[in-house]
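All chains should be built: construct the whole structure from the sequences, respecting the hints.
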Amino acid sequence: MTVPRLGLPARPDRAARAPSRDWPLQRRRLVFAGGALLALAGALTASLMLGSNLISPLAVITRLADPAADVDAVVWGSRVPRTVLGLMVGFALGAAGAVMQGQTRNPLADPGIFGVSAGASLAVVLGVRLLGATSMLATLWCALVGAVVATVVVFLVAALGRGLSSPVPLAIAGTAVSTLFAAVTSFLVLTDQATLAAYRIWVVGSLSGRTLNGFGLAAACAVLGLVFAAANARSLNSLALGADMARGLGENLIGSRVIGLAAITLMTAGAVAVAGPIGFVGLTAPHLARVGVGSDHRWLIPMAGLAGAFVLLACDVIGRLLGGNGEVPVGVVLSVVGGVAFVLVVRRVRMAAL
Amino acid sequence: MTKPPAARGAATLLAALLAAATLTSCSGGSADPDESGEAGVSQYTGWTYTDDAGVTVDLDQRPTRIAAFTDYAIGLFSYGIEPVAIFGREDVATDRRLKDYDLSDVAIVGNNYGEIDLEALAAAQPDLIVTGIYPTDRDGTLSLEDPYYALADKEQQEQLAKIAPIVVIKVGGAGIDVIESLNALAVSLGASADAINQAKAAYDAAAAELTEAAAQSDLELTMIYGGADGIYLVKPMDEPTTELYTSLGVKFTDLAPDGDYYWDIYSWENAAQTMTGDVLLVFTEGYQEADLLAQPTFASHPALAAGQVYTWADAAFDYDSQAAQFEYLTTILRDSEKVA
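Here the protein sequences line up with chains A and B, keeping their order.
Our numbering applies: residue 1 is where the first sequence begins, and numbers increase by one.
Our numbering applies: residue 1 is where the second sequence begins, and numbers increase by one.
If you are wondering where the hints come from, they were derived from the structure by calculation, not from laboratory data.
Glycine included, each C-beta is placed from N, C-alpha and C at the ideal position.
Careful: at least some of the hints might be erroneous.
[Unchecked claim] According to the in silico footprint, chain A covers these stretches of chain B (three or more CB under 8 Å from chain A):
id	region
1	228 to 238
2	256 to 267
3	271 to 278
4	292 to 304
So, in structure tokens, the structure goes:
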């Protein structure tokens, strides 16, 4: 075991990329990956076994084996869907966060920054207002389309300037478009009660009260995004050296931006569509992963996904156990637990250079 | 608002003369207590009112231009007092509770909780602003450090107070007390005793109907707000309206009368087993019948399966509004069957 090297003078920046020199990086990565998988398996089991309705683990197993025994649908109607959703949404948000932070070289970037959440929200509201689309599946399609459209708009706005080489214009365009969309969304919501009611139900980011309707579509979307993310990993490693250096290394900047944006949009949209906007996972998971596997995006992206799924599921389980007859919403647990974990990470390991 | 002392003296003199004239004109007629009450008010030069928060407002004359939160505006309207400005927590122009009243001369200065257009409010030149205050616990504790109901924060409250003095109706404890508080304010603002008595007659008749319907039925009503987190169950003795209906014999699901104030939350895993009612009263702002049916753990709830689901919107605390709620509940009780 290595002893944490607290109190030593800060190392020069380049060294910070490899979290610890005392341990061969490759071995450390494998150990971390194994640990992450084990932790995720634990969270998954806990998510099936534990809940605000106290059913014995044995009964849960019986009901899992025989759905007919699950008369009140607590296992198949609540725990299974939220566990599956938690895995998918957490993985997608964590991986999207890693690509996001790599693309913007901003450690505080979160998938919302390119207007994905704002675009999805606006589209959901427009769908309800103009088409009367309140079904789960219609909402999902609206969220997907809105997320993609928002990203394209952000990309075009940034590209109209000469802004694609630096991440800053993208982030600014994203913020501007997000704000505009949010304003239009509020206007639509505030001027129509029916829209407000439908929007209020969707906008609460939660794994509770959701079903697996439309899950296949959303998951397909996220998987496609993951493919783009994998294709983007090498470029992200070059981009970490700065846009000029990346170009010098033969990187096609526009191409890598487009692929990165596609990855972020599809993964976030898939997640947001089924669970509503959930914060903090996309921000925290990449940092947790970076502690374990360093900044090589070929490792970082999948590990951020695992970390995201673990964090989301674990926080959801904690929330279920805290509320007595009720539950503490996962978003609240995420901000408390995630916030504390985040501070620890930042304190222990200086914010990894991007 | 404050006149120079000389002017005030003149006003006092004038009022005294008028009072004397009124008394003289009355002396020959029947000694109607309401008329002598009128005389009593006009003898008094100013207008004094102590609201439910214990705040006393002193004005030189009875305020005639009233700005009010929708619920209290409805109450004042029903007694014949037309407000000059209304702010609501939902779109005032489309609020169905206001559909019987003419809003053409009323300035709508807010359509969302805590959002009040101060300039528009000031332009309406109110003499008095009416809103509510909710207790923070079962004992009726009022926290004056917190902003009043419908206001975003203390700063906004201070800005409102610069436009006109604010009085509040306390919405807590027994429902009849809230109604009487609103009535007292309406009377103080000039509502005629006739208007109130007439409304009370209709209210009493509706209350008798509801009492009878409740006595003939053993149905349990469950008042809920559904959301992604689960079901919020209103504690019937903490909400003044349900307290009022309970006092008439209506039975509500009351799982934990003690504990947290106002409502408890039950997760979707627990909801079906805990909600014991025969009829679901579903708040218009949360999950509706279709959303409840989409919850696998709740879809087979007996009341839901029997289609005994009714939307519920809180009504204002005046006789008319509550009489309408009595009639709605009477219909629900008569049309529903025991399922749980």
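* Asked: Does the region 292 to 304 of chain B contain three or more residues whose Cβ lies closer than 8 Å to a Cβ of chain A?
  -> holds (count 6)
* Outcome, coverage hint (the region 256 to 267 of chain B, chain A; C-beta under 8 Å; three residues) -> With 4 residues closer than 8 Å to chain A, the region 256 to 267 of chain B meets the three-residue bar; holds.
* Per-stretch coverage check for the region 271 to 278 of chain B, three Cβ contacts closer than 8 Å to chain A -> holds (count 3)
* To do: Examine the region 228 to 238 of chain B for residues whose CB is less than 8 Å from any CB of chain A, and state whether their number is three or more.
  => Our answer is that it holds, as 3 residues pass the Cβ test (under 8 Å) against chain A, meeting three.
The structure agrees with every numbered hint stated previously.
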